[in-house]
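Q: The C-terminal position of the sequence shown is numbered 833 in the numbering used here, with every residue numbered one higher than the one before it.
Don't take every hint at face value.
Below, simulated DSS-like cross-link-like pairs (lysine-lysine); rule was C-alpha separation at most 30 Å, straight line [unchecked claim]:
#1 512 with 558
#2 573 with 770
#3 573 with 765
#4 557 with 512
Simulated from the structure, these hints should not be mistaken for lab results.
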Amino acid sequence: MPEMPAKRKGSVDKHVQDLVRALRAHECPEVTYFSGDFPVFWRKASGCFVWDVRGRRYVDMTAAFAVANLGHGHPALIAALRRQTRLMIHGMGDVHPPEIKSRFLAALAGAAPGALSQTILSQNGSDAVESAIKTAQIARPGRDALVAFSGSYHGLSYGALSVTGQRMFRAPFAGRISKKTLFVDYPYCYRCPLKLAYPGCGIACLDGAARKIRAAGGARRFSAVIVEPIQGRGGEIVPPPGWLARLARFCRRERILLIADEIYTGFARTGRMFACEHERVTPDILCLGKGMTGGFPMSACIGTPAVMRRWGRSAGEAIHTSTFLGNPLGCAMGLAALSIYIRRSLHSRAERMGSYLRAELARRLGGLRGVGDIRGQGLIAGIELVKDLRTKTPDPERCSRVVVEALRRRLMILGGGIHQNVISLSPPLVVGRREIDFCVGVLEDALTEIKIREG
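Make the full structure from the sequences, and use the hints.
A: This is the structure:
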């Protein structure tokens, strides 16, 4: 798309400056990361594209934090939202619930794997994790400890922080975070803490985790293990085949509940409707969000009847609820989104386009200096940048510079990982080869031009 006409450039620049000043004055924490190229202020979005206030078009390879799975502004979602706004925009949750809430819950149960069928709705991913943690406590009374994984990310509310395995998020609030979480190693094969290699390792990291859990009290102490089938913010880390299934079997043997956090991986992104289905695993509790509605803030904690019935019946005052529970607008968009996922078999498309994306990344970036690892599943991909291939020293500075340079070239990507050195790609599931080719080309140019700073 062409740039704004030159005669308007001054007014556009002033508008951007006004927006920056407003954020710096009023947003908390205070924003300090502005530069001439980063960030941009969005004006509109459609499909795989975003336009900024200057009229410049970008290819979005983030799906806005993996929310716009169906593409930005999908017509069916907009139509569902408009229909519902003509009826009502707010209901009374679990007191006088909107009719559409019942329909959405039934559809969600129909899409979920196995016996998962009873749901607590909420507003965001952290809320869903909080609901799952509470459910584990209700279902396993007397066991107030949890197991979580190194590098994990489950949200930033206090309960979610208690199972988030990244120190940068926990440290400022450590004094109020529960100490009753046991963290065990996640299978980060590129940086294996045991210095072993798959498949010869026999997935020894899981054996070590099992021993650690048993030694710390096992089923007498732990109500649940919470896990991301693929770690997102931890660096797009995909466990080796068989790891999740073995973890599920361990939990069953030990009578410990399994909570799968699929807020990032759920809804067709990995090549299955839910990532746990790759290994035919049905958790006791499943946390969902992001792509569930395609843009409306809504999440879900869905469990098996055997687990969820332990909440019992409400005695008139719910012990876990919220003002916006089952918002009718979110339910309408969720119903429409589920229909599209299923009708268009978007999981198959994600698997096909994801294979193409990873093949192109490997072909064009695999031999570049400083590219340590390329990994992913479905339309999730991570490119880990290092200063030295032998020592695998993380290169977060180069990663940050690539993100900014890509934006300058009209490509939106994100940086992440526990060392902030992983380029993260999670495009809308409607992405095509043309957009993928553009993305890989920009990354190749940026990585070639931005040299590694030694030391």
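Q: Confirm or reject each hint.
A: Going down the list of hints, with the structure as the test:
1. 512 with 558: Roughly 14 Å separates the two Cα atoms, so the pair holds.
2. 573 with 770: holds (12 Å)
3. 573 with 765: holds (19 Å)
4. 557 with 512: holds (16 Å)
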